[in-house]
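Following UniProt numbering, the numbering of the sequence shown begins with 1 at its first residue and continues without gaps.
Bear in mind the hints are in silico, worked out from the structure with no lab data behind them. Predicted model, so just to flag it, every value in this text is computed and none were measured. There may be inaccurate statements among the hints.
Said to hold, decoys possible - In silico DSSO-like links for lysine-lysine, alpha-carbon gap of 27 angstroms or less:
(1) K140 x K103
(2) K156 x K140
(3) K14 x K25
(4) K112 x K5
(5) K25 x K49
(6) K108 x K156
(7) K156 x K14
(8) K25 x K5
(9) K25 x K171
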Amino acid sequence: MLITKNFLMLNNPKTGSTFSRSVIKQVVEKRRVWDHSEFCIDLQLPNIKIKGQSRPADQHGTYSQIPFEYSHLPVVSIIRNPYDRVVSTYEFRHWAEWTAVPKEIISKTFKKFPDLSFEEYVRFTDYEMIYGRFNGISPKANIGNQTAQFIQMFFKNPNVVLDSIDENYIKSKSAASVPCG
1 MLITKNFLML NNPKTGSTFS RSVIKQVVEK RRVWDHSEFC IDLQLPNIKI
51 KGQSRPADQH GTYSQIPFEY SHLPVVSIIR NPYDRVVSTY EFRHWAEWTA
101 VPKEIISKTF KKFPDLSFEE YVRFTDYEMI YGRFNGISPK ANIGNQTAQF
151 IQMFFKNPNV VLDSIDENYI KSKSAASVPC G
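Based on the sequences and whatever the hints tell you, model everything.
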């Protein structure tokens, strides 16, 4: 999460936010020469998106983690084509070291882990979602991992929303008008 005088940036993983953060920091630093009220806080927060795992603090803070004193700021983020994002995540291979999927599931279902084909990896992300984002409980609705990540990243009360989503919620005409948690 990057906080400036004028806005707050949520850094959605694998979207180019690392590059954007570095550019914003450079611009703010140059502006501070003549505007001493400028500031840029690179806030590192606990990763709360993956349940049951202790991960190091990182730059991928969520909307629900915005400190109260900055909650009035406009929020910006970068969104990437979902397919390109999955390919980038696959190639980055962070999932091979940091997985929430139990070892017994991996050894039974993904015998070549961590040497998965792209197709196998896409199937693996379903298990990541169930074991990492939903504590081993399948979601009530047929949502994908990127949908769950989006809700966790950008909703005020992501757990309430994720617990509420079922097929009726998705089909309802009012779902589009429901506030983000």
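Exercise for the section: Please name the hints from earlier in the document that this structure breaks, with their numbers sorted from lowest to highest. Expected result: 4, 6 and 9
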